[in-house]
Amino acid sequence: MKRPLSRDDARAIFATSDSSLLDVIDNLLTKGVVVSGDVVLGLAGVDLIYAQLSVLLCAADRLHAADRLHAAGEAAE
Amino acid sequence: MTTPAPRDHARGSSLRVRELESLRAELERRVGEFSPPRWNADPEDVQRSVARLVLTLVEFLRQLMERQAIRRMDAGTLTPQETEEVGQALMRLEETIRDIGRRFGLAPEDLNLDLGPLGRLI
Amino acid sequence: MSDVYVYALLGDAPAPDAGAGLREEPLRVMRVGDLLAAVGEMTERPAVSEATLRAHDAVVRRLADTVDAILPVRFGSLLTESSLADLLRARARELSEALALVAGREQMTLRVLGDGPSTDVVASVADEDAGPGARYLAARRAEWRRAREAPELAPLRPDLAQLVRAERVTRHDTPPLLASVYHLIDRGAAAAYRAVVERAEAGAVRVVATGPWPPYAFAPEALG
Chain E
1067 MKRPLSRDDA RAIFATSDSS LLDVIDNLLT KGVVVSGDVV LGLAGVDLIY
1117 AQLSVLLCAA DRLHAADRLH AAGEAAE
Chain C
86 MTTPAPRDHA RGSSLRVREL ESLRAELERR VGEFSPPRWN ADPEDVQRSV
136 ARLVLTLVEF LRQLMERQAI RRMDAGTLTP QETEEVGQAL MRLEETIRDI
186 GRRFGLAPED LNLDLGPLGR LI
Chain Z
366 MSDVYVYALL GDAPAPDAGA GLREEPLRVM RVGDLLAAVG EMTERPAVSE
416 ATLRAHDAVV RRLADTVDAI LPVRFGSLLT ESSLADLLRA RARELSEALA
466 LVAGREQMTL RVLGDGPSTD VVASVADEDA GPGARYLAAR RAEWRRAREA
516 PELAPLRPDL AQLVRAERVT RHDTPPLLAS VYHLIDRGAA AAYRAVVERA
566 EAGAVRVVAT GPWPPYAFAP EALG
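The listed protein sequences derive, respectively, from chains E, C and Z.
Just so we're aligned: the first sequence equals residues 1067 to 1143 in my numbering.
Just so we're aligned: the second sequence equals residues 86 to 207 in my numbering.
Just so we're aligned: the third sequence equals residues 366 to 589 in my numbering.
Simulated from the structure, these hints should not be mistaken for laboratory data.
Some clues are possibly wrong.
Going by beta-carbon spacing under 10 Å, a handful of chain C positions derived as facing chain Z [what the hints assert, rightly or not]:
(1) Arg101
(2) Glu104
(3) Glu194
Please read all numbers here as calculations on a predicted model, not as lab measurements.
Glycine included, each C-beta is placed from N, C-alpha and C at the ideal position.
The task is simple: from the sequences and hints, build the whole structure.
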């Protein structure tokens, strides 16, 4: 796996006074549908767990659906 | 969609220097790490790293629960007693998180997780 | 199987085809139930740079020109095809609803600028004999609402009302930047929208509009 860009390289885009680029950053990096989010957990500099949060995102949605069903059920009693 | 290329917003008012700087700073703050984020306990202070991760997750869950409680309050699916009890529980949970955080030298602003493309957790 | 890089969710298939992605990779359309995803095959995430961001935006704009309903996906979304399929199945209803909202529409972005906090404080409403828990919850509700509102736009509301189909607000409250407001308008209404914003006198605040953009801000919330 290629080493990810260093912090400084990527964050150079923030050193801009171009307002149209800021709008693009706002749209592309803080908005839009989120379909992936992964976290690597580790200790002592050693990567140990790779967690795919896209799985967690689905779970949260399913929980809400179940909760809504439960609430509807209670209201009907 | 007859979209002009992003650079052609010449007409109309545009942001002044101070305003641009403000927007730039806000975006820099909101956008998380670009590469897949790592949580790696600080070997010098493993306890604090663990406390920070745990409290951040609990605070995240607390906010999720709070939002759901408010939705149910609005929908009328909480009795007055439930509203009172859930409200008190959330209040105490918030105090508990703050107290435990204080013991580890963690301020409320410290309780956040950088989730890369997802941005910051809270 | 290599990973797929997702550009957008679509309501219908682009004609004649999906074209090329930000790395000139051929795009294809993945169908999962009633949802379509415009994807390109990639082995690693593109680096973040002005060039890649603008190229990704250009791909989304081109797709938006060929379809009626488009939900742009966040930059850097690389995942396995099966993970994407799982996610689209699990969130099918919410995503279909969002696609229906943005059909035939585009986004205008407003920056609300001024010196200080809004003087309108959203009052916390609770019964007089409510206990501390209920009052706490009412106060928290007022706080959540305040974070999603832009009372500074009140003077513009009458003229904007006929143009705005939906609104999303991100409060910053870091003067001079007070809030960003995203408005969903019918395609083609951008000039009329700009005219309203430019002739408006919003009192103590300045309002600057940019757009139109594909509807990035009208994706359903990621978490919770």
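Status of the hints after comparison with the structure:
Checking C/Arg101 against chain Z: minimum C-beta separation of about 8 Å stays under 10 Å; hint holds. Taking 10 Å as the C-beta cut-off, the interface hint given for C/Glu104 holds, the closest approach to chain Z being about 5 Å. Evaluation of the C/Glu194 hint against chain Z yields a violated restraint, the C-beta minimum of about 14 Å exceeding 10 Å.
Violated hint for the displayed structure: number 3, the only one.
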